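Colleague: The sequence shown begins at 1 in full-length UniProt numbering and counts up one residue at a time.
Please note: incorrect hints may appear among the correct ones.
BS3-like mimics (lysine-lysine), calculated; alpha carbons at most 27 Å apart, straight line [said to hold, decoys possible]:
#, residue 1, residue 2
1, Lys30, Lys90
2, Lys168, Lys22
3, Lys115, Lys77
4, Lys77, Lys30
5, Lys22, Lys77
6, Lys90, Lys22
7, Lys90, Lys136
8, Lys90, Lys121
Bear in mind the hints are in silico, worked out from the structure with no lab data behind them.
This one's a predicted model, so the numbers in the text were calculated from it and none came from an experiment.
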Amino acid sequence: VHPEEAWRTAAFGLYGFTQFTKSGFVEHAKKFREEDMQIRLDGKNCLVTGANSGLGYATAQGLASHGATVYMLCRNKERGETALNEIRSKTGNMNVHLEICDLSSINEVKSFATKFSSLEKPLHVLVNNAGLLEHKRTTTPEGLELNFAVNVAATYTLTELVMPLLEKAAPDARVITVASGGMYTEPLNTNLQYSESEFDGTKQYARNKRVQVCES
């Protein structure tokens, strides 16, 4: 193991434990302002990618519970519908909608953005949450390494294509991209497709997350 790589891993282990685990969240939560947690989002349109599970599901549910109109962008229709019905039931908010798109396909992302833009509604919040960690190097039909396609290319493409809708909601518009503390284990690398060395999915994921921060 290269000394610099070992140092990065050790440093992240210590920093990550205090910042990115459940205990880190609990500590940060002590600084949350009560008035911020009670804010209403009625009339706000929010788009959340990867919204059928994990952080995306929790985000969609949280936004819906505060009255927002939420568009859940998911790859799997069946799992998406299950999540949609659960969130509607838990929050009582019927202004929660399901959109289907495979983010590994840039063509699908473009098609979705065109369809979504045709609604001509301002977009107040875009949450780029969908992510992928595939350990085996796989190339999409469009020629992109799969992790890069979902984590980087799709995130950038979707954000750029819905920018006019975000501008309609200005100055209230927000774009939130869910990165990862794991990015601290890898430096910024120009080998974006991970084609110049033996593939490591975990390292590629970390690199993708660092690129997301640079994009933001």
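Colleague: All hints, please: hold or fail.
Modeller: Hint check results:
Between lysine 30 and lysine 90 the CA atoms are separated by roughly 26 Å; this keeps the pair inside 27 Å, and the hint holds. Under the criterion of a C-alpha separation no larger than 27 Å, the hint pairing lysine 168 with lysine 22 is inconsistent with the structure, at around 36 Å. Between the alpha carbons of lysine 115 and lysine 77 the distance comes to roughly 17 Å, so the proposed pair stays at or under 27 Å and holds. For the suggested pair lysine 77 and lysine 30, the alpha carbons sit about 37 Å apart, so the restraint of at most 27 Å is broken.
Pair hint lysine 22 plus lysine 77 does not hold up; C-alpha atoms about 30 Å apart against a cutoff of 27 Å. Among the hinted pairs, lysine 90 with lysine 22 is consistent with the structure: their alpha-carbon atoms are about 23 Å apart, no more than 27 Å. Proposed proximity of lysine 90 and lysine 136 is contradicted: the alpha carbons are some 37 Å apart, above 27 Å. For the suggested pair lysine 90 and lysine 121, the alpha carbons sit about 26 Å apart, so the restraint of at most 27 Å is met.
Checked against the numbered hints above, the structure breaks hints 2, 4, 5 and 7 and satisfies the rest.
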